[in-house]
Amino acid sequence: MNKNFIKIVLFAVLIAAISGCAQPPAEDANTTEESSKQIKLKIFHAGSLAVPLSELEDKFEALHPNVDVQRESMGSVKAVRQITDIGKKGDVIASADYTLIPSMMYPTYADWTVRFARNDMVLAYSTEKSKYADQINPENWYDILRKDDVVYGFSNPNFDPCGYRAVMVFQLAELNYGDDTIFDDLILSQTSITINEEDGSYLIKTPEDMKPNTKRVSIRPKSVELVALLEQGGIDYAFEYRSVAVQHDLGFVDLPEKIDLSNVKYADFYKKVQLETVDGKTKTGKPIVYGISVPKNAPHPELGLEFVKFVIGTKGQEVFKKVGQPPIVPAVGSGNLPGTLQGLVADKPSSLMVYSGAGMRKPMDEIGSLFEQKHGVSVNYNYGGSNTLLSQIELIKTGDAYMPGATMYIEKAREKGFVDYEQNIAYHVPVIAVPEGNPAGVTCLNDLTKPGVKVVLGDAKAAACGKIADKILEKNEIFDAVNANVIARSATVNELVVYTCMGTTDASIIWQASLIGTEDETDIIEIPTEQNIIKVIPVGALTFSENKDYAKVFVDFVSSDEGKAVFEKHGFTAYPNPKYE
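Last residue of the sequence shown: 598 (this note's numbering), numbering continuous.
Since the hints were derived computationally from the structure, they do not count as laboratory data. Note that this is a predicted model, so its numbers are computed, not measured. Careful: at least some of the hints might be erroneous.
Here are the simulated DMTMM-like cross-link-like pairs (lysine to aspartate or glutamate), alpha carbons at most 25 Å apart as the crow flies [to be verified]: (1) K76 x D266; (2) K339 x E242; (3) K332 x E72.
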């Protein structure tokens, strides 16, 4: 071989080696590009969103080649706690119950929510492996579940909205079908879950260990885990969202709208059932609405917001429709919405949640209907004792307005920072109510001290009427003497009315307006003004309302001449009135 040729080759190799030392390896030339592809968008979401978000993940990554969407699917409560309790960082949070975002994340971890999809509860089954699949229908499903050889399941109510909604469905079914043993047979006798009834409302409590009878009931952390059990024949039936059943080609019982938590028309019926989870938080039955937000600790907040916009946009809507999960169009936003979402979401809420003293049920029901006609926003009420409601507000920190039976409660709410806008509406005038014909011959307050006179009063720790009754007795220095004749204390004013109408008591101290419509069953004895304590009924907008503007619109409507006229129609005296000032 030619020596000169060898020298030339060696020289070329040497130059190449020197060049290699001076320059980075060829693969390093793409380092910047590769690192940009490693942007990880972290999403924590409800298990029932796994299918639509999986498809949207692929579409989003196709539009953003430098993004790797990483999703973690679990029960919604657990998903929120990844951020609030465990301290993980996420770019997007998506819950099967939109109220979990404001109630568990505001104001520290998030300050806005977008409601973007709906769903409803169904009883899912395998058409091939579930027992009695060829017999079950919307009218007999609970009897099928009662069969000793049938195993049914639901997700853990403490971790998953589908779980606490499933348990609510059992009690709603009792009310809907007129069978008062459905909950007893299928929940109470099969688990350690408990239930209490008060004034037509039900409070279910789920302990940490629900001790299911595993021969009959299966409880899993999230609802989608039950799908595999159905497909394998491990269980016969499972409560699922309709979308999950559709996505997995399962058979399902199409439950009546009155119990499937789908229709705002039945919101008043749904809210008869509440569930208290092991951490003390109370969930109220209501139509199923999904929520999404970007946490405040998001590593990539702008990209997280882009994903939210993608979910609620045209592409997202198409995907959700396809998988059986109706999108809300347009999506509804609340809270401190980012500017880039303005115009993409509706700022008018579909409904308001109002906590109202039980004694105002009749006028407030009518006002709710008038408000919806005028503003296109429905009003859902939680009725109860004023102090009981305040405790609920303090516990769950959701809702839009609070209307107790006396200003002392609104003052407490204001001191706690729960109310920042209020108006006075009408007066609560205490009277002595007696059964028709006044069998005990009661004519005045002092007669309540007579031996043998049976008295029923409101519970001062729960209801405004009870607290005021005690103050009236103290004012007239007869508290101890009357208290010796008290045979019962009721949690609400409506219970006092029932006691009196049934003749269980000889006398009670009650709001005069609460007796409207009972003229054939009760008589009224007025308390002289100098002996009485007249209370003003207020209404206030809650500071943590997601619909602050409309909460104030509602307060203004209730306190308007139109609203006060409704109260007068139902026997109240509108505020202000010189007689009581």
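Structure-based check of all given hints:
1. For the hint linking K76 to D266, the alpha-carbon distance of about 23 Å falls within 25 Å, and the restraint holds.
2. For the hint pairing K339 with E242, the CA-to-CA distance comes to about 22 Å; that is within 25 Å, so the pair holds.
3. Taken as a hint, the K332 and E72 pair is honoured in the structure, with Cα atoms around 10 Å apart against an allowance of 25 Å.
The structure meets every hint from the earlier list without exception.
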